[in-house]
Amino acid sequence: MNLRHLCSAPHVHVHFDTWNNWLYLEWEGELTLAGVQEACLAVAHCFVSYNYSRVFNNNTSLTHVDYDVAPWLAQHFFPNLGLAGVQQLAWVYGPGLRARELAEYVLRSLDGSVNVALFGDAEDAVSWLQQTRPDYVSGCALLPRAAQQDAKLTHIIGKFEQDVASTRVESAGLLT
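For what it's worth, the working numbering labels the leading residue of the sequence shown as 775, then goes sequentially.
These aren't lab readings, by the way, just hints derived from the structure by calculation. Where a beta carbon is used, it is the ideal one built from N, C-alpha and C, also for glycine. There may be inaccurate statements among the hints.
Said to hold, decoys possible - Quick list of simulated restraints, FRET-style, between CB atoms: (1) A939 x Q849: 33 to 41 Å; (2) L777 x G803: 17 to 25 Å; (3) T941 x G803: 17 to 25 Å.
Whole structure, please, built from the sequences with the hints as guidance.
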């Protein structure tokens, strides 16, 4: 992999793999709902500027995931991946049975618009994702999203920003 750093947020580093032409998400540490929301917002912003059709989601460095993370991902983040242009997602779950169960829970909620495969190790995920290719039209790269699709994605991300900001305020209120 040849990784170009795009952004970082609590618990995630986002890169573009220029050799393989995919978005690489590297998650780490203990995930709380607030931390995942912040991280997913950073990831969502990456999709505004470019149509990443393939995503490598690496969870091997996670040490803990709170129970409320999976339902939130299933309801609020993953359903919008197809709209963002994602066609294939390789998900490498972290160590432990609970990590795989979390991934399977999220996948059960998806509508099938994104081809998602779960893996226990990164090597198998890379191999699978390398065998997938984005849709090409006449040998050209992916077409940009339609204006209506782009507007809908921008609206969803704006709402997402408001929700994350509300969570920040609620969390701050609990701390005082």
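Taking the hints in turn, this is what the structure says about them:
no.	hint	in the structure
1	A939 x Q849: 33 to 41 Å	violated (18 Å)
2	L777 x G803: 17 to 25 Å	holds (19 Å)
3	T941 x G803: 17 to 25 Å	holds (18 Å)
When held up to the earlier numbered hints, the structure conflicts with hint 1 and nothing else.
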